[in-house]
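Residue numbers (this note's numbering), protein chains in the order written: chain V, 6 to 59; chain G, 4 to 371; chain R, -10 to 379.
Think of the hints as simulated: they come from the structure by calculation, not from any bench.
Ideal Cβ positions, reconstructed from N, Cα and C, are used throughout, including at glycine.
Be a bit skeptical, because a hint or two may be false.
For the chain V half of the interface with chain G, some residues (derived, Cβ under 7 Å), not all of them [stated by the list, open to error]:
{"#": "1", "residue": "M14"}
{"#": "2", "residue": "H16"}
{"#": "3", "residue": "V20"}
Here are some chain G residues the structure puts well away from chain R; computed CB gaps all over 12 Å [claimed, not checked]:
{"#": "4", "residue": "N62"}
{"#": "5", "residue": "P73"}
{"#": "6", "residue": "V79"}
{"#": "7", "residue": "Y161"}
{"#": "8", "residue": "P169"}
{"#": "9", "residue": "R170"}
{"#": "10", "residue": "K185"}
{"#": "11", "residue": "F200"}
{"#": "12", "residue": "P223"}
{"#": "13", "residue": "A242"}
{"#": "14", "residue": "D252"}
{"#": "15", "residue": "L253"}
{"#": "16", "residue": "L280"}
{"#": "17", "residue": "K290"}
{"#": "18", "residue": "D291"}
Looking from chain V toward chain R, a few residues come up when the C-beta cut is under 7 Å (computed) [claimed, not checked]:
{"#": "19", "residue": "L15"}
{"#": "20", "residue": "G19"}
{"#": "21", "residue": "F40"}
{"#": "22", "residue": "R42"}
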Amino acid sequence: MYYTLHDFMLHSKGVTYILMGAVLVGMVIVWTFLFDRSDEDRDRFNIQHGKHED
Amino acid sequence: MQRRTFLKLIGSAGLGAALPAATAKAAGNKAFTGYPDAMGVLFDATKCIGCRKCEAACNEVNELPKPEKPFDDLSVMNAKRRTDAKTYTVVNKFVPVDGRPPVFAKTQCNHCQEPACASACFVKAFTKTPEGAVVYDASVCVGCRYCMVACPFSVPAYEYDEPLTPRVMKCTMCHPRILEGKLPGCVEICPKQALLFGKRSDLIKTAWERIGNEPGRYLPHVYGEKEMGGTNWLYISGAPFQQIGMREDLGNTPAPELTSGALAAVPVVVGLWPVLLTGIYAVSKRKDRVAKEEREAAVAEAVTAAKEKAAAKLADELKKAEAAGKRLADAEARKAVEAYKQELEEKAKAAAAAADESGDESADEKKE
Amino acid sequence: MSHSTQTNKGGMSPLMVVGGIFLLLGLWLTFQRFYGGLGAVTNLDDNNPWGIWIGFDLLCGVALAAGGYTTSAACYIFGMKRFHGAVRPAILTAFLGYALVVFALHYDVGRPWRLPYPIFVSPGTTSLLFEVGLCVFLYLTVLFIEYSPVALEWLGQKRLRNAVHKLTLVLTIFGVVLSTLHQSSLGALFLIAPSKLHPLWYSSYLPLFFFVSSMFAGMSMVIFEGTISHKNFHDKMDEDHLSASENVVLGFAKASCVVMCGYLALKLFGLAMDDNWHYLGTGWGAWFLFELLGFVALPALLYGIGAREKNVKLIRWTAALSVLGIVLNRFNISLVAFNYHLPASERYFPSWQEIGISIFVVTVGVFAFRFIVTRMPIFYEHPDYKESHH
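Only chain V is shown next, with the shape it has when bound in the complex (with noise of 0.2 Å):
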């Protein structure tokens, strides 16, 4: 129960910022998941529909 809105907003912005730390992590992750092969997989694509890339 927060009877100011400074305390509610001291709450709810710390817990905004903690998620924020946790997001941008996250997004690190699901960047490396999502490109560390790709060029690989761009081989892998086009070797199986006949184009080739160097």
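Based on these hints, arrange chains G and R on the given structure of chain V.
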């Protein structure tokens, strides 16, 4: 209000058009009315006689250093003073109408319902207590002085001459004394009951009752009821507040709402920027790859074209050579054939009498 | 230090002597500051808690160090590879800029050893200053990592250098996110004091103004810094850097012109939104227009002409004008238009000691910059790592 906060939000992120106005409210649709039992003080400017006894009591109760001039020296009131590191409260003298008696106004921390100092403090050094006082904790203070920038009433002061342990100094509403069940020092000593201590909600009622009972004596304005979201120190006066050193242009927006828009934009940037930037990166990288592929394709095409041209040239040469060779070969072959024919004819003539068929066959074979 | 690092011939020596004097003066003032407290060396008081150590060292320092994120974003995110040779000097300037901002804050805050408190001890998340502090702390870390390949190449740490090099894109994106946040939050610091800042400068757009102006501040500073570096370290520069710096001058002039136009438009909208037109007729209005027309509109025009006509000299002078404009704007918001309502006797003017410390901080920066560029691969590529950029 909605427009203001919304503007703040777009102002802080530049992304406003995509966001609904409601998110600008830091607390959604929640309303905060402050601690229900918070105490406060009502100052009645029509009763204050400028005796400076409250200043003396404050100095004593808070164990502040003695001032140069004693508290019974009223001449200090000829110049306007403000609170400082050694003074939590000051009483200033004003003469709103020439020839009329002066009006006195007491200044100290107003103990906002939503304190700007607390909102601005990046180490939570200020706390709004359930008892109504805004108190300061020096043990975490870094000394950035943003609280002093933020305070609309210009109350907090700083120990500028302290090299190692400077503190922000301001009235505490005598919070420790309130916890003990005592009155704040200034209220206790006031000989004219210009200061009244009580529950804030009750004080507002009392203030309006006084105004209602004596409309000629007071202006219909309880300063602090709404200013900056409301303060726990309230004022009523017969002279306009602007004329007794109190700003009437502060507005009624509680301090945290002034910054909630900008703060709300922070997670938006964190959430959206990486997505947008990755997108831009992908586009530029793709553009690069397409450009590279096009370049390679162009090179390959040029190579093929050159190869084809060379091949065509070669083929042409070959054809010419072949043709020439053929011509040569034909001529030689014709000669040989002619010579052979002659030979054969001679042979045939010689063997005319013998077998006709076999001679023809062998000649055919040799020709091939 | 002064003569042993001398690489170019003549001209610099007297400057080094002056720099040495500034350093000695700074050390003396440092002693005074921490022996006698802020009151002993500053003109700060209870009404004016922030002086030029905030107005110049923090606000201008951070704005002018924005070249780090603009240049690296242009090169690595927007794919403008022709800027590649200019990224390292920009990152170095930004890293030193932020490091000096933090260094200067140690003078301004009362108990500097508590500077980590907001992040590690008692986070006051409702404060814009918390946001600034957190982002500056994180961004300084990011800049340090972005800069570290230079030092690692110098030290011959090949494996570590290559590992860090792989992080370039992620670091660049983090850099842009953090810069967006704290550049705008520096403007948002003043949102809480609408009654103290003159309405012409107070606006709900303040964070946006600070962010947008930081872009052309950073780009102008890159051009400006490049001009000075060319004069002093030309012999250190390789082909890649020289061609990149030419590209950067023209490219950033064009970009700054566009961003400045956008900034002017936003300022105009800000006036309209708060209906502040009537203030333009006052003395404050004249000052406001002087800042806006003389130090934003004029540079925008000059940048435009310079970019069109490929007039590198004009662009370089314009960059200096723009940098001055940023300083003027930050001073106006934090010092000139702040507390505009107070009588002249209660207004702030910096003491010579405050100015001395600010000069000292800048001098430390110049010396550090010089130390690094004369030793490490900033203006040229380390021979072992050529062709390794993507």
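Outcome of the hint check:
With 7 Å as the threshold, the beta carbon of V/M14 comes within range of chain G, its nearest partner Cβ sitting at about 5 Å, so the hint holds. Nearest Cβ of chain G to the Cβ of V/H16: about 10 Å, over the 7 Å cut. The hint is violated. The criterion of a C-beta within 7 Å of any C-beta in chain G is not met by V/V20, whose closest approach is roughly 11 Å, and the hint is violated. For G/N62, the requirement that its beta carbon stay farther than 12 Å from each beta carbon of chain R is met, with the minimum near 17 Å.
With a least CB separation of 23 Å from chain R, G/P73 remains clear of the 12 Å interface cut-off, as annotated. No Cβ of chain R comes within 12 Å of the Cβ of G/V79; the nearest lies about 17 Å off, and the non-interface call holds. Distance check on G/Y161: its Cβ comes as close as 6 Å (rounded) to a Cβ of chain R, failing to clear the 12 Å threshold; non-interface status is violated. At roughly 4 Å from the closest C-beta of chain R, the C-beta of G/P169 falls inside 12 Å, breaking its exclusion from the interface.
Distance to chain R contradicts G/R170 as a non-interface residue, since its nearest Cβ pair spans about 8 Å, not more than 12 Å. Against chain R, the non-interface label of G/K185 holds: every CB pair exceeds 12 Å, the least being about 29 Å. No beta-carbon of chain R is positioned within 12 Å of the beta-carbon of G/F200; the least distance is around 27 Å. For G/P223, the requirement that its beta carbon stay farther than 12 Å from each beta carbon of chain R is met, with the minimum near 23 Å.
Non-interface call for G/A242 relative to chain R: holds, since the shortest CB-CB distance, roughly 20 Å, exceeds 12 Å. For G/D252, the condition that its CB be more than 12 Å from all CB atoms of chain R is violated, with the nearest at approximately 6 Å. At roughly 5 Å from the closest C-beta of chain R, the C-beta of G/L253 falls inside 12 Å, breaking its exclusion from the interface. With a minimum CB-CB distance of about 5 Å to chain R, G/L280 fails to clear the 12 Å threshold, and the non-interface call is violated.
With a least CB separation of 7 Å from chain R, G/K290 falls inside the 12 Å interface cut-off, contrary to its annotation. The non-interface label for G/D291 is inconsistent with chain R: the shortest C-beta to C-beta separation is roughly 6 Å, within 12 Å. Annotation: V/L15 was flagged as interfacial toward chain R, and the flag holds, the nearest CB pair being 5 Å apart, inside 7 Å. The criterion of a C-beta within 7 Å of any C-beta in chain R is met by V/G19, whose closest approach is roughly 5 Å, and the hint holds.
At about 9 Å, the closest approach between the beta carbon of V/F40 and any beta carbon in chain R exceeds 7 Å, and the interface hint on this residue is violated. Annotation: V/R42 was flagged as interfacial toward chain R, and the flag is violated, the nearest CB pair being 15 Å apart, outside 7 Å.
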